[in-house]
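Student: Residues per chain, in single letters:
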Amino acid sequence: MAEKRVIDARGSFCPGPLMELIAGMKMAQVGDELEVLSSDKGSANDIPEWIHKAGHEHVGTREEAGVWHISVRKVK
Amino acid sequence: MRILIIGGGMGGTILANNLARRLAPELKTGKARITMLSASERHFYQPGLLYLAFGRVTPDELYRDQASLLEPGIEFLVDPAEQFLLDQNQVRTKSGRTFDYDILAIATGSRPVPELIPGLAENSETFYTEETALKMFRRLREFEGGRVVIAVGVPHKCPMAPLEITFMLHDYFKDRGILDKVKLHYTYPIGRVHSLENVAKWAAPEMARLGITYETLFNIKEVDGTAKVVRSEEGSETPFDLLVSIPAHRGMEVIEKNNLGTGGFIPTHRHQLNMEGRKNVYVLGDTTNLPISKAGSTAHFEAEALGENIAAIVKLGAPVRDYDGKVFCFIEAGKDRATYAMFDYLNPPDPKPPTKAIHWFKMAYNKLYWTSARGLL
Chain A
1 MAEKRVIDAR GSFCPGPLME LIAGMKMAQV GDELEVLSSD KGSANDIPEW IHKAGHEHVG
61 TREEAGVWHI SVRKVK
Chain B
1 MRILIIGGGM GGTILANNLA RRLAPELKTG KARITMLSAS ERHFYQPGLL YLAFGRVTPD
61 ELYRDQASLL EPGIEFLVDP AEQFLLDQNQ VRTKSGRTFD YDILAIATGS RPVPELIPGL
121 AENSETFYTE ETALKMFRRL REFEGGRVVI AVGVPHKCPM APLEITFMLH DYFKDRGILD
181 KVKLHYTYPI GRVHSLENVA KWAAPEMARL GITYETLFNI KEVDGTAKVV RSEEGSETPF
241 DLLVSIPAHR GMEVIEKNNL GTGGFIPTHR HQLNMEGRKN VYVLGDTTNL PISKAGSTAH
301 FEAEALGENI AAIVKLGAPV RDYDGKVFCF IEAGKDRATY AMFDYLNPPD PKPPTKAIHW
361 FKMAYNKLYW TSARGLL
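As they're listed, the protein sequences go chains A and B.
Residue numbers for the first sequence follow the working numbering, beginning at 1 and rising by one.
Residue numbers for the second sequence follow the working numbering, beginning at 1 and rising by one.
Hints listed in this document are in silico derivations from the structure and should not be mistaken for laboratory results.
Hints are not guaranteed to be accurate.
Output of the computed footprint for chain A on chain B, the stretches with three or more beta carbons under 8 Å from beta carbons of chain A [claimed, not checked]:
#1 81-91
#2 152-159
#3 231-240
Glycine included, C-beta positions come from ideal geometry on N, C-alpha and C.
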């Protein structure tokens with residue numbers, strides 16, 4: 001059964017939202033959806049760039065009160 | 001008030017000593033009691049492993065007897081935790097004893113797990129344990145030239161290590177007179193050469209200056225020891241003659257076995273440091289799932305905040321401060337130059353160009369660390 005998980009990486013400079021997502025993806029199962037919360041506007045580009053290169057599904061991105069919510073589904 | 005600390009590493013030790021000083025009157029009267037459980041009778045200074053791989057320290061310099069570092073009044077036992085019975089406020093240990101607590105602090109650390117990547121453990125050198133650092137030391141001495149690739153797993157402790165090992169390898173080969181026979185190639189999991197943007201801004205031109213090539217968005221998928229190639233999740237591959245890895249890490253097995261957190265990392269409140277859903281269980285150091293550096297300084301600053309809070313709970317009935325996410329990391333930029341990154345949840349780092357003075361400060365701190373472990377520095 002696919003799970004949904006939130007990774008709250010607000011205020012994370014190191015390792016940072018993308019590294020937190022990569023770590024979370026390694027521990028997720030195929031089909032799981034992870035939503036990263038980031039206070040860094042660079043994440044809106046960095047994270048989809050990695051998702052695309054790694055071959056996962058970029059479910060969507062939205063910004064709410066200065067926090068970016070970026071969702072990805074683990075495909076492989 | 002029975003305070004039980006699980007883990008005799010940096011976080012647990014500094015916390016125990018900090019508390020013992022703050023609660024000295026209560027320990028005397030019996031109003032408070034501090035017990036520490038560890039898996040080892042020795043305290044290990046992990047940052048020294050970076051230097052061990054180059055033969056710049058010897059293993060004996062990295063250990064002290066744990067008991068010798070602890071304030072009087074702390075009950076210390078070598079009896080690792082096996083079961084966390086949090087609903088009963090109990091921990092059961094390897095010896096079969098059951099420890100009751102009023103406040104529990106879990107500081108069990110993290111461990112490298114290269115075995116999760118096919119081919120990595122057997123085909124790479126690393127420096128995250130004494131055994132592997134010594135093996136790397138011997139391998140480096142035998143290495144006469146070729147392509148050296150640095151590859152990085154996620155998550156890992158010591159976020160500066162990938163850069164440090166790269167710059168130190170450069171200077172090592174230069175000192176050996178074989179730099180012209182060596183090609184250093186650095187890979188990193190995200191889209192720049194370091195997670196900290198300002199550190200990456202400093203490091204990338206420095207790599208260019210030193211002739212070190214790099215590839216970003218490279219997450220290790222597998223290592224082919226026959227073809228001597230490391231492949232990435234992103235679909236690329238790079239050949240090597242010598243592969244140096246910073247492996248991915250997990251929390252300790254006991255944390256996973258007790259279902260305290262995915263991957264052995266416990267969900268932790270970022271300011272109060274309590275385990276999510278548990279008011280009297282605290283977590284510090286690598287064991288947390290916090291989106292901050294897994295670094296000694298993180299454990300140190302968390303221990304200071306937690307020490308103040310737990311003492312305040314005993315004396316005043318409530319915690320008094322938040323952990324602000326403070327981290328301080330030295331960054332070795334070669335054999336005799338270093339800089340540092342200091343940051344917290346709100347303020348990014350702004351590293352200055354490396355100097356000899358900062359390197360010597362780090363060398364001094366490698367010796368002064370034992371004073372930090374005792375809760376004094």
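Student: Tell me whether the statement that chain A covers the stretch 231-240 of chain B is true, taking a Cβ distance below 8 Å and needing three residues at minimum.
Tutor: holds (count 3)
Student: Taking a Cβ-to-Cβ distance below 8 Å as contact, does the stretch 81-91 of chain B have at least three residues touching chain A?
Tutor: The restraint on the stretch 81-91 of chain B is violated, since only 0 of its residues have a Cβ under 8 Å from chain A and three are required.
Student: At least three residues with a C-beta closer than 8 Å to a C-beta of chain A: is that true for the stretch 152-159 of chain B?
Tutor: holds (count 3)
In terms of the numbered hints stated before, the structure departs from hint 1 and from no other.
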